[in-house]
Amino acid sequence: MKLHPMISALRRHKAGVVLIALQIALTLAIVCNAVFIIGHRVERVNRATGLQEQDLYLVSQQWVGAPTGDDADSIQKMDAMQREDLAALRAMPDVASVTPTNSLPLLNQSWNGAMSLNADAKLLDGNARTTYYFGDENFVHTLGLHLIAGRDFNAGDVTNKGFRNTSEPAVVIVTKALADKLFPKGDAVGKIVYLDGSGTPSTIIGEVERLQVPSTGSWAGSFAWNATIEPVRLNGNSSSYAVRAKPGRLLAAMKATTPLLYKVNPLRVLDDDSVKSFADIRSDAYRADVGMAALMGVICVILLGVTAAGIVGLTSFWVGQRHRQIGVRRALGARKVDILRYFQMENLLIAGIGAVIGVALAIGLNLLLMQHYAMDRMPVLYVLVGVVLVLLLGQGAVFNPARRASNVPPVVATRAA
Amino acid sequence: MGEGPTGEMHSVFGYYFDLALRSLRRNNALTALMVLAIALGIGASMTTLTVLHVLSGDPLPGRSGSLYYPQLDPRDGHGYVPGKVEPMDQLTWIDGMNLLQAKRADRQALMTGGDVAVQPDNSTLDPFYEDTRFTTTGFFPMFGVLFEYGHAWGDAEDEAHARVAVISSRFNDKVFGGGDSTGKTLRLDGAAFRIVGVTGDWHPNPNFYDLNRKSYNEDEGVFIPLSTSQDLSMAHDGSVNCWGNGGAGQAPDHDSPCAWMQLWVQLDSPAEVAAYKEFLVHYSEQQRALGRFQRSPNVRLRSVMQWLDYQQVVPDDVRLQTGLAFGFLLVCLVNTVGLMLAKFLRRAGELGVRRALGASRRALFAQLLVESGVVGLIGGVGGLLLALVGLWLVRRQPAEYAPLAHLDPLMLLATFLLALGASLLAGLLPAWRACQVTPALQLKSN
Numbered sequence: 001m002k003l004h005p006m007i008s009a010l011r012r013h014k015a016g017v018v019l020i021a022l023q024i025a026l027t028l029a030i031v032c033n034a035v036f037i038i039g040h041r042v043e044r045v046n047r048a049t050g051l052q053e054q055d056l057y058l059v060s061q062q063w064v065g066a067p068t069g070d071d072a073d074s075i076q077k078m079d080a081m082q083r084e085d086l087a088a089l090r091a092m093p094d095v096a097s098v099t100p101t102n103s104l105p106l107l108n109q110s111w112n113g114a115m116s117l118n119a120d121a122k123l124l125d126g127n128a129r130t131t132y133y134f135g136d137e138n139f140v141h142t143l144g145l146h147l148i149a150g151r152d153f154n155a156g157d158v159t160n161k162g163f164r165n166t167s168e169p170a171v172v173i174v175t176k177a178l179a180d181k182l183f184p185k186g187d188a189v190g191k192i193v194y195l196d197g198s199g200t201p202s203t204i205i206g207e208v209e210r211l212q213v214p215s216t217g218s219w220a221g222s223f224a225w226n227a228t229i230e231p232v233r234l235n236g237n238s239s240s241y242a243v244r245a246k247p248g249r250l251l252a253a254m255k256a257t258t259p260l261l262y263k264v265n266p267l268r269v270l271d272d273d274s275v276k277s278f279a280d281i282r283s284d285a286y287r288a289d290v291g292m293a294a295l296m297g298v299i300c301v302i303l304l305g306v307t308a309a310g311i312v313g314l315t316s317f318w319v320g321q322r323h324r325q326i327g328v329r330r331a332l333g334a335r336k337v338d339i340l341r342y343f344q345m346e347n348l349l350i351a352g353i354g355a356v357i358g359v360a361l362a363i364g365l366n367l368l369l370m371q372h373y374a375m376d377r378m379p380v381l382y383v384l385v386g387v388v389l390v391l392l393l394g395q396g397a398v399f400n401p402a403r404r405a406s407n408v409p410p411v412v413a414t415r416a417a
Numbered sequence: 001m002g003e004g005p006t007g008e009m010h011s012v013f014g015y016y017f018d019l020a021l022r023s024l025r026r027n028n029a030l031t032a033l034m035v036l037a038i039a040l041g042i043g044a045s046m047t048t049l050t051v052l053h054v055l056s057g058d059p060l061p062g063r064s065g066s067l068y069y070p071q072l073d074p075r076d077g078h079g080y081v082p083g084k085v086e087p088m089d090q091l092t093w094i095d096g097m098n099l100l101q102a103k104r105a106d107r108q109a110l111m112t113g114g115d116v117a118v119q120p121d122n123s124t125l126d127p128f129y130e131d132t133r134f135t136t137t138g139f140f141p142m143f144g145v146l147f148e149y150g151h152a153w154g155d156a157e158d159e160a161h162a163r164v165a166v167i168s169s170r171f172n173d174k175v176f177g178g179g180d181s182t183g184k185t186l187r188l189d190g191a192a193f194r195i196v197g198v199t200g201d202w203h204p205n206p207n208f209y210d211l212n213r214k215s216y217n218e219d220e221g222v223f224i225p226l227s228t229s230q231d232l233s234m235a236h237d238g239s240v241n242c243w244g245n246g247g248a249g250q251a252p253d254h255d256s257p258c259a260w261m262q263l264w265v266q267l268d269s270p271a272e273v274a275a276y277k278e279f280l281v282h283y284s285e286q287q288r289a290l291g292r293f294q295r296s297p298n299v300r301l302r303s304v305m306q307w308l309d310y311q312q313v314v315p316d317d318v319r320l321q322t323g324l325a326f327g328f329l330l331v332c333l334v335n336t337v338g339l340m341l342a343k344f345l346r347r348a349g350e351l352g353v354r355r356a357l358g359a360s361r362r363a364l365f366a367q368l369l370v371e372s373g374v375v376g377l378i379g380g381v382g383g384l385l386l387a388l389v390g391l392w393l394v395r396r397q398p399a400e401y402a403p404l405a406h407l408d409p410l411m412l413l414a415t416f417l418l419a420l421g422a423s424l425l426a427g428l429l430p431a432w433r434a435c436q437v438t439p440a441l442q443l444k445s446n
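For the protein sequence lines, the chains are A and B, in the order given. Letter 106 of the first sequence, counting from 1, is numbered 106 in the working numbering, and no numbers are missing. Letter 22 of the second sequence, counting from 1, is numbered 22 in the working numbering, and no numbers are missing.
Hint data in this document are derived by calculation from the structure and do not stem from the laboratory. A virtual CB, placed ideally from N, CA and C, is assigned to each residue, including glycine. Errors might be hidden in some of the hints.
[As the list claims (entries may be wrong)] To be clear about the criterion: a stretch of chain B counts as covered by chain A if any three or more of its residues have a C-beta under 8 Å from a C-beta of chain A, and this derived list gives those stretches:
#, segment
1, 313–324
2, 353–364
3, 384–390
4, 397–405
Using the sequences and the accompanying hints, generate a full structural model.
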């Protein structure tokens with residue numbers, strides 16, 4: 001098929017051609033970027049925390065009238081209350097294991113600092129940023145972390161201290177990400193590090209494969225996998241416990257927790273949010289991302305629909321306008337399939353022009369978004385898939401009007417318009 | 001049509017309107033498509049624009065202009081590039097107290113957020129946590145807090161570390177079943193507080209004075225003197241930024257290198273603002289001389305709206321959604337231009353006849369624009385309905401700002417202007433193209 005007559009025919013419909021091409025270009029630019037954002041959000045939501053999330057829940061509570069001082073006596077009293085809670089939770093029939101903890105991944109309450117290879121470094125001079133988790137010898141297996149080197153904490157490693165006490169522990173377990181940052185040779189276990197500019201050394205005794213920081217915010221993105229676990233029970237007037245229920249017994253264990261803790265010590269406050277499954281923590285953390293992805297998806301679908309409808313509308317008009325010419329071509333020997341092809345080719349040509357402009361717009365829009373929102377560069381694949389998609393959309397939309405055109409009988413040529 | 005220019009205009013418009021309706025009814029599918037495209041575009045744009053409008057609103061209209069937020073930079077030299085680094089978002093306890101006690105503004109209040117355990121005497125209610133504000137007496141008159149019952153506490157109570165509390169009306173309903181609860185006792189973290197006031201309808205949005213907890217729809221139920229909260233080591237809730245070898249816990253030490261306090265001041269004239277800024281610079285120099293500060297004075301004094309802007313309180317996602325919706329509207333418009341072009345050109349014959357019968361190009365143009373305006377109006381009504389549905393969906397989202405998403409009269413007006421403007425804009429090119437018909441040619445070919 002020759003393009004020349006097609007182009008000269010299109011010259012007579014400049015406005016229409018420009019409009020369809022523009023619409024396709026804009027649609028391509030918006031849909032590419034929207035799909036990229038969707039992909040980004042989905043990837044974010046699906047990344048693994050490093051925890052075995054099933055059967056895990058968190059209990060956070062606050063004592064009322066507990067000692068508030070930083071003196072040794074108050075600290076030991078608060079520690080005794082915490083150990084009493086831990087013992088009671090561990091004795092529950094539906095519970096497999098329990099650890100005290102200050103936070104969990106995705107909880108968005110964090111204690112962050114920096115780890116350094118040198119003593120007395122300034123906090124922000126530290127070699128690697130890290131978040132801190134505080135737990136006891138049950139922390140690693142309660143959370144279901146994978147220990148890949150060294151050893152786990154034992155009961156002898158565990159100490160306790162007040163919230164405001166800045167002394168550092170003798171031993172720590174770190175994530176592989178953090179270990180590799182500090183010791184690129186992969187020999188972190190047994191090495192000495194200094195936490196938060198402290199002068200006292202801490203020894204890395206173990207490495208876990210993966211453990212996400214509590215914060216899902218973009219500010220923590222640079223150290224999302226750098227975590228340090230300290231074998232310390234933190235004592236304050238509140239405490240949190242991560243609890244692993246026996247398989248399938250999550251709900252039963254959660255239900256029994258509040259009454260049990262009130263029985264152990266009634267002078268405390270637990271509210272509706274105090275006993276929370278990890279599944280709920282996860283869905284709370286990513287709710288906005290899921291909502292945004294869904295909205296983008298809906299807009300994309302409607303956008304493609306509107307564009308398709310626009311193509312159908314304009315092409316139908318052209319077919320109606322060229323009714324007589326089509327008849328003449330048919331009378332001169334063109335087959336039905338030639339007419340069909342003609343309109344399909346014409347659409348491909350217009351959509352192709354639109355797609356070329358659209359690629360430029362899509363990349364421009366991506367650059368704009370990178371400048372104003374913390375957005376990454378869009379991989380070329382998204383644009384290519386987008387181009388194929390809009391070309392297919394054009395072909396799909398033009399098919400029906402084109403088929404109607406091909407059904408115009410040759411006899412039309414002999415009639416007056 | 002002999003009633004003078006106005007009457008003539010009016011009846012001509014009516015005639016065009018009638019023509020428009022007839023013509024629109026002739027191509028039902030095409031008309032429906034145009035109306036739908038405009039309605040979808042307008043609906044999506046208005047939904048997101050309304051959310052954006054609500055979220056970027058003024059939390060205290062009439063007052064916010066004279067409220068300022070002082071910022072200092074007490075950090076050490078690490079990572080300091082003079083002129084390039086913003087000061088800290090909050091103040092340390094020491095600086096907060098110093099600025100508060102200097103009393104250089106018309107009014108001032110030092111504050112921070114807390115999380116306090118409430119033990120109701122009412123045995124049907126379990127103990128619960130309440131978001132609490134630890135603050136000083138200036139908070140209430142400065143922010144124009146309305147009182148349903150009682151009043152704020154005074155300087156004397158701040159100084160005496162008195163166990164007094166102001167509660168919100170929501171909290172009053174929950175714990176005391178409403179009514180005048182002043183004089184009643186409230187148990188917070190195990191200590192007994194006397195209620196001195198119950199606030200009325202006062203819900204600044206965004207929660208400008210402390211953006212560390214929730215930016216929108218924060219609903220603090222209890223307000224107690226800052227001094228008292230520190231006596232009882234009540235749990236702090238918000239952000240704590242430490243530097244040097246600072247450590248922090250639930251209630252940071254008063255002398256630790258940590259910033260966790262907010263100070264707001266009321267300055268009624270530009271001269272006072274300039275003087276206060278001068279004072280902050282002077283204070284920084286003084287602290288540097290004392291060896292507490294290490295950087296040269298790095299201060300800011302932002303107004304409420306400047307502070308909200310600097311903190312980028314409107315979520316990125318909301319701005320992104322608004323941009324997306326307007327992109328969508330643009331595509332819908334281009335689509336409508338195309339469809340209208342098809343529609344108008346298809347009527348070349350009819351228009352040619354009208355031209356041949358003496359109608360001017362201007363008259364045809366006006367007639368076609370009326371037609372696209374009618375499409376815009378119908379699309380606008382559809383868009384409004386879609387926006388109402390959209391906002392209803394937004395309100396069902398779990399986002400903290402969700403309950404605020406309501407259409408206001410301004411946005412209602414904007415919807416119609418946008419719809420009408422958009423469709424007239426969409427009608428311009430097609431109407432102009434259609435008017436170019438040569439009357440004789442059209443008559444001949446028909």
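Hints and how they fare:
no.: 1; hint: 313–324; verdict: holds (count 7)
no.: 2; hint: 353–364; verdict: violated (count 0)
no.: 3; hint: 384–390; verdict: violated (count 0)
no.: 4; hint: 397–405; verdict: holds (count 3)
Hint check: violations occur at hints 2 and 3; the rest are consistent with the structure.
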